[in-house]
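2 protein chains.
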Amino acid sequence: MNFVNIEQRLMTIRVLIADDEQNQLELLSFNLTQNGYSVTTASDGQEALDRAEELLPDIIILDWMMPRMSGIDVCRHLRAMPETKDIPIIMLSARGEEGDRTLGLDVGADDYMTKPFSPRELVARVRAVLRRSRPSLMSDVLEFEDLKLFPASKTVERDGEAIALGPKEFKILSLLLERPGQVYSRNQLLDHVWGHGVYVEDRTVDVHLSRLRKALNTRKGRGADRPDLIRTVRGSGYALMANQPQ
Amino acid sequence: MNFVNIEQRLMTIRVLIADDEQNQLELLSFNLTQNGYSVTTASDGQEALDRAEELLPDIIILDWMMPRMSGIDVCRHLRAMPETKDIPIIMLSARGEEGDRTLGLDVGADDYMTKPFSPRELVARVRAVLRRSRPSLMSDVLEFEDLKLFPASKTVERDGEAIALGPKEFKILSLLLERPGQVYSRNQLLDHVWGHGVYVEDRTVDVHLSRLRKALNTRKGRGADRPDLIRTVRGSGYALMANQPQ
DNA sequence: CCTGACTGTCACATCAGTGTCACATTCATC
DNA sequence: GATGAATGTGACACTGATGTGACAGTCAGG
Numbered sequence: 010m011n012f013v014n015i016e017q018r019l020m021t022i023r024v025l026i027a028d029d030e031q032n033q034l035e036l037l038s039f040n041l042t043q044n045g046y047s048v049t050t051a052s053d054g055q056e057a058l059d060r061a062e063e064l065l066p067d068i069i070i071l072d073w074m075m076p077r078m079s080g081i082d083v084c085r086h087l088r089a090m091p092e093t094k095d096i097p098i099i100m101l102s103a104r105g106e107e108g109d110r111t112l113g114l115d116v117g118a119d120d121y122m123t124k125p126f127s128p129r130e131l132v133a134r135v136r137a138v139l140r141r142s143r144p145s146l147m148s149d150v151l152e153f154e155d156l157k158l159f160p161a162s163k164t165v166e167r168d169g170e171a172i173a174l175g176p177k178e179f180k181i182l183s184l185l186l187e188r189p190g191q192v193y194s195r196n197q198l199l200d201h202v203w204g205h206g207v208y209v210e211d212r213t214v215d216v217h218l219s220r221l222r223k224a225l226n227t228r229k230g231r232g233a234d235r236p237d238l239i240r241t242v243r244g245s246g247y248a249l250m251a252n253q254p255q
Numbered sequence: 010m011n012f013v014n015i016e017q018r019l020m021t022i023r024v025l026i027a028d029d030e031q032n033q034l035e036l037l038s039f040n041l042t043q044n045g046y047s048v049t050t051a052s053d054g055q056e057a058l059d060r061a062e063e064l065l066p067d068i069i070i071l072d073w074m075m076p077r078m079s080g081i082d083v084c085r086h087l088r089a090m091p092e093t094k095d096i097p098i099i100m101l102s103a104r105g106e107e108g109d110r111t112l113g114l115d116v117g118a119d120d121y122m123t124k125p126f127s128p129r130e131l132v133a134r135v136r137a138v139l140r141r142s143r144p145s146l147m148s149d150v151l152e153f154e155d156l157k158l159f160p161a162s163k164t165v166e167r168d169g170e171a172i173a174l175g176p177k178e179f180k181i182l183s184l185l186l187e188r189p190g191q192v193y194s195r196n197q198l199l200d201h202v203w204g205h206g207v208y209v210e211d212r213t214v215d216v217h218l219s220r221l222r223k224a225l226n227t228r229k230g231r232g233a234d235r236p237d238l239i240r241t242v243r244g245s246g247y248a249l250m251a252n253q254p255q
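Chains R and S supply the protein sequences, listed in that same order. Here the first sequence is numbered in the numbering used here, starting from 10 and rising by one per residue. Here the second sequence is numbered in the numbering used here, starting from 10 and rising by one per residue.
Keep in mind the hints are simulated off the structure, nothing from the lab. In this text, a Cβ means the ideal position worked out from N, Cα and C, and glycines have one as well.
To give a feel for the contact side, a few chain S residues facing chain R, derived at Cβ under 8 Å: (1) 55; (2) 78; (3) 86; (4) 92; (5) 94; (6) 191; (7) 243.
Required output: the full structure, derived from the provided sequences and hints.
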């Protein structure tokens, strides 16, 4: 009975945080969770990279020194992959590793914090970075082409006409709208929309996408249907995209 | 139960006030209550944020320095969430923290007061801010489509015809009318209408909504019933909406 | 005590949204 | 084009959420 706020929050912001120091990890994770973020943790560089690719979080927090792969390297890898290259990153480093600040920002980190810092400080930075790099996350309407989605009223309209969507379809569309162009695999959709650990067939995603497409494209008046904004990437997944390459 | 005074119309305005100084908190809370506001208090930043998300008050008063999370941070968080981003905020700070005024207004506060000030002064500011940012609240009537609700007389009419509502139904409708379109979860309704901490079944909300709908839609004369203005958002809650899709 | 207005809970009827199948299409590749 | 795999989609049974009438409890005012 107390999940209301998180559940009610229209868009859950996903944070991936990686640190090999277990206490630190738990402390920060707890604080982020308390602030309404959906947190995933990793305790070494390799794991961080794996989780990042899989979850496509909205922001990633990396410790500088980690086993198996340093934060710097993780950062480089993330920046090299098209799906993750735009995810904002905050680097953390222990005092004494300073001077690396330049290097950190150099490999593409969006912010850099030196330990020790208070969890509050981190939460504030996260918010600041998100506002800077993903303003759409903070907005109360998601738009793409002639499509508008209003999280507060759980309403969608296309070309001015209201569209009725089921909860799942609504969530899928919200997700796609957060990063137009980004291809989401069936597994990523299952994770984000159905929740991690829920078990349903992959094909279920297809069916929901079919329903979503039908709802979005069918025009009530007898006019011709609207162009499809959802692109199927064979072997990969789905993405929002205008001007389908036929 | 029939006080008639100018403050009557303010009965439904909810104020959240957060200050870690207990005396101050009680003093201000008392004065606001005396002026007809419905007051909720919080004694630290985190609590303020939680209460704010849960209650969606009409105005929030934040002390600058508080344990667990500063007023500034609370402000940032509130501004970042779609549901709370439009709630007006008044920041309070002790003398000596001045100069932060800019920062306060920067993170989105609507007004800024330096301690010490008289409770009367605060009440005046609250009134001013509300008039500026939520004129509908200061009006004598809440309207939506052909529906009118008069807070002062606790009466409702639809399409000119008076509608009799029970207290609970009236409160529910008041809430919905304050933010047409906004989806309220059963839990939010329970908090607002029944009060925080009161335990009743979720389903009770459904029953009251059913009664409310019946009261609003049934036309006394034999004419056809009126269209339903309350939208059920399956899995989420209820909201006011004209032109129900479908 | 009664009465009438309001409430909170149940129980039962419905219904919308889901997950799967099965079969039709499309696509990449040879 | 032939072929196998991937995707599109109508149909359908099922389940959990919601709508609502009925009923008993509470409370203020006679």
